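Asker: In order, the protein sequence lines correspond to chains A and B.
Heads up: the first sequence is residues 4 to 307, going by the working numbering.
Heads up: the second sequence is residues 204 to 561, going by the working numbering.
Hint data in this document are derived by calculation from the structure and do not stem from the laboratory.
Hints are supplied without guarantee of correctness; some may be wrong.
The calculated EDC-like cross-link candidates involving lysine to aspartate or glutamate, where the alpha carbons are at most 20 Å apart (straight line), are [as the list claims (entries may be wrong)]:
hint : chain 1 : residue 1 : chain 2 : residue 2
1    : B       : K211      : B       : E336
2    : B       : K231      : B       : D266
3    : B       : K354      : B       : E319
4    : A       : K198      : B       : E336
5    : B       : K277      : A       : E79
The model shown is predicted, which means the values in this text are computed figures rather than measured ones.
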Amino acid sequence: MASTIESAGPENSGALSKDRAPWHAFVPPWLMSLPAFILFAVLVLTPLAMTVVLTFYRFDPASGPIAAFQFGNYLEVLTDSYYQTIFARTFGIAILTTLLCVAIGAPEAYVLYRMRDPWRSMFLLVILAPLLVSVVVRAFGWSMLLNTGGIVNQFFGLFGLGPYKLEYTTFAIVIALVHVMLPFMVIPVWTSLQKLDPQVENAALSLMASPSTTLRRIVLPQIAPGILSGSLMVFGLSASAFAIPGLLGGRRLKVAATAVYDEFLGSLNWPLGATIAILLLIANLVIMITYYRVLERRYSRSLG
Amino acid sequence: MSFLVLDKLTKAYGDLNAVSDVSLSVEKGEFVSLLGPSGCGKTTTLQMIAGFIDVTRGRISLDGKDLTHVRPNKRGLGVVFQSYALFPHMTVAQNVGFGLEMRGVGKAECAERIRETLALVRLDALAARYPRELSGGQRQRVAIARALVIKPPVLLLDEPMSNLDAKLREEMQFELRGIQRKVGTTTVMVTHDQSEALSISDRVVVMEAGRVTQVDSPYRAYERPENRFVSQFIGKANMLAGKVTEARHNEVHVDLGHDLTGIACIEAGTVWREGDTVTLCIRPEKLHLCAVGTGRLSATVTSRFFLGSQWLYRVDTAIGEVLVCSQNEGTEPVAEGATVGIDWHRDAVRVIQEASHG
Chain A
4 MASTIESAGP
14 ENSGALSKDR
24 APWHAFVPPW
34 LMSLPAFILF
44 AVLVLTPLAM
54 TVVLTFYRFD
64 PASGPIAAFQ
74 FGNYLEVLTD
84 SYYQTIFART
94 FGIAILTTLL
104 CVAIGAPEAY
114 VLYRMRDPWR
124 SMFLLVILAP
134 LLVSVVVRAF
144 GWSMLLNTGG
154 IVNQFFGLFG
164 LGPYKLEYTT
174 FAIVIALVHV
184 MLPFMVIPVW
194 TSLQKLDPQV
204 ENAALSLMAS
214 PSTTLRRIVL
224 PQIAPGILSG
234 SLMVFGLSAS
244 AFAIPGLLGG
254 RRLKVAATAV
264 YDEFLGSLNW
274 PLGATIAILL
284 LIANLVIMIT
294 YYRVLERRYS
304 RSLG
Chain B
204 MSFLVLDKLT
214 KAYGDLNAVS
224 DVSLSVEKGE
234 FVSLLGPSGC
244 GKTTTLQMIA
254 GFIDVTRGRI
264 SLDGKDLTHV
274 RPNKRGLGVV
284 FQSYALFPHM
294 TVAQNVGFGL
304 EMRGVGKAEC
314 AERIRETLAL
324 VRLDALAARY
334 PRELSGGQRQ
344 RVAIARALVI
354 KPPVLLLDEP
364 MSNLDAKLRE
374 EMQFELRGIQ
384 RKVGTTTVMV
394 THDQSEALSI
404 SDRVVVMEAG
414 RVTQVDSPYR
424 AYERPENRFV
434 SQFIGKANML
444 AGKVTEARHN
454 EVHVDLGHDL
464 TGIACIEAGT
474 VWREGDTVTL
484 CIRPEKLHLC
494 AVGTGRLSAT
504 VTSRFFLGSQ
514 WLYRVDTAIG
524 EVLVCSQNEG
534 TEPVAEGATV
544 GIDWHRDAVR
554 VIQEASHG
């Protein structure tokens with residue numbers, strides 16, 4: 004009796020709904036992830052599938068792409084030494100950029116970690132600053148520095164050297180890419196340094212390890228997962244970079260991304276461009292997954 | 204000559220002295236605790252001994268050798284950190300072996316000593332585990348093993364038990380003391396837990412605001428606190444303020460107001476004058492509840508707390524609120540609101556000068 008009266012009361016209905024499971028307990032997870040999946044499907048999967056389909060088309064210079072199912076494009080890209088050079092250059096640049104980012108970014112993050120506060124925030128901002136400027140603007144900045152009449156060559160000129168050809172070289176591409184990619188290395192390493200027990204270095208010192216041994220044997224292995232994820236980001240972004248190689252590599256020093264652009268918009272050979280794009284994607288995936296697997300296995304048990 | 208000597212050790216941060224003029228002599232094999240509330244400078248003192256913090260003034264010497272400006276990795280002391288600071292990417296055996304490897308100990312001897320030390324802390328079965336696969340107590344034992352395996356002249360422990368739960372902490376206290384006795388390593392431990400300091404150390408060094416206020420055996424520090432801070436920080440204490448009315452060679456009479464005179468025994472060599480403002484200190488367990496009308500004071504029980512082995516009563520008296528602690532004898536405790544008498548043995552009262560930092 005009493006309970007029926009109470010349950011009709013307005014305050015009580017509030018209490019009841021608290022007892023009831025929240026609304027999302029009744030909705031299956033797949034339904035909840037549906038909006039995100041639709042977005043993903045429309046914006047990523049559909050264009051990707053269309054690109055894959057395009058790779059099998061035949062190209063006729065007179066009439067453009069013709070629907071077909073053949074592997075001629077793949078055969079052309081994989082066997083032609085012109086494209087092989089482009090792919091080798093692309094991954095060479097990506098590997099070199101990654102190595103330089105590890106060599107500069109990891110110590111940089113460690114120095115940052117050892118700094119005290121007003122300085123630390125300031126330098127963190129300095130490191131992140133490149134992200135605030137458009138890639139195109141930065142590429143033009145490097146171009147102004149490196150071209151034949153640029154500041155760098157003027158400096159060499161003071162000593163009677165040069166001028167050197169710095170622009171439109173692999174060197175220029177790598178330098179500019181390192182500049183752009185450095186934050187992607189510093190941030191993950193910095194994050195893994197945050198997880199370091201602040202006393203762990205003192206512990207090593209108390210066991211009579213020298214400061215350099217401490218760094219090598221104690222700190223470095225613990226930030227390895229950060230270096231790993233930073234490398235994956237830097238490598239992936241460098242291998243598929245477009246603006247910097249496009250602006251600093253010039254017309255002749257092509258990488259995969261600029262080659263794709265030229266096929267699509269220059270030669271209008273869409274099937275060939277799509278093939279290069281898909282091969283770049285596959286190569287990138289294979290390299291990154293292998294790298295991740297190999298290193299991840301080493302650290303999963305101890306560092307989680 | 205003592206083994207480890209701190210001589211007027213001072214650490215200043217700007218104008219602020221985190222540690223001021225700390226002097227201490229530790230004998231070989233002794234277990235000394237630095238005890239104090241957080242921010243009293245005990246950890247800073249320990250870190251100066253370990254070499255992680257520079258000394259502003261003063262000297263540290265170990266076995267007659269000056270250690271003040273020796274770099275931490277040349278001191279060779281064993282340190283157990285509050286967070287344990289184990290190397291997460293190394294197994295238990297690798298953690299313990301790291302110090303040996305750094306000293307260039309041979310492989311065979313290394314393995315033998317790792318095995319021996321892990322057996323000492325009862326972790327022999329877990330040598331191949333990684334720290335994250337261990338419980339808190341096990342991690343702590345790895346940290347102790349890592350510090351002991353190098354056979355350090357001094358073992359420094361920085362709040363080693365603070366991350367353990369109460370039950371485990373008690374077990375580890377016994378175990379730590381057992382290990383220390385067995386190995387005989389001179390040990391300095393920092394703790395804010397007075398019961399921990401009392402139960403396992405040979406001597407306690409009570410610190411307050413960067414200074415040492417009393418150095419004594421745990422029993423004496425508890426029974427004969429030299430000042431208000433020590434009496435209140437170690438254990439509970441009833442503090443009764445009064446004026447000395449009569450000073451004899453072995454006892455003083457103190458007027459506590461309300462026609463009550465407290466008599467306290469004094470130690471030979473201490474001098475009190477009539478008219479001195481002093482504080483009488485009496486431990487709650489040394490007060491007894493008795494029948495109304497008997498005893499030295501009459502009181503009303505305002506509340507009582509059951510502590511398992513004891514009852515703690517808050518009682519209201521003419522001279523203020525007093526804590527009384529009595530053994531749980533298995534009989535019905537005194538009810539709240541009851542009127543009772545309070546009595547004590549005259550030897551139980553300590554007299555403390557109203558200290559400057561009272």
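Asker: Let me make sure I understand: some of the numbered hints might not hold for this structure. Which ones are they, in numerical order?
Answerer: 1, 5
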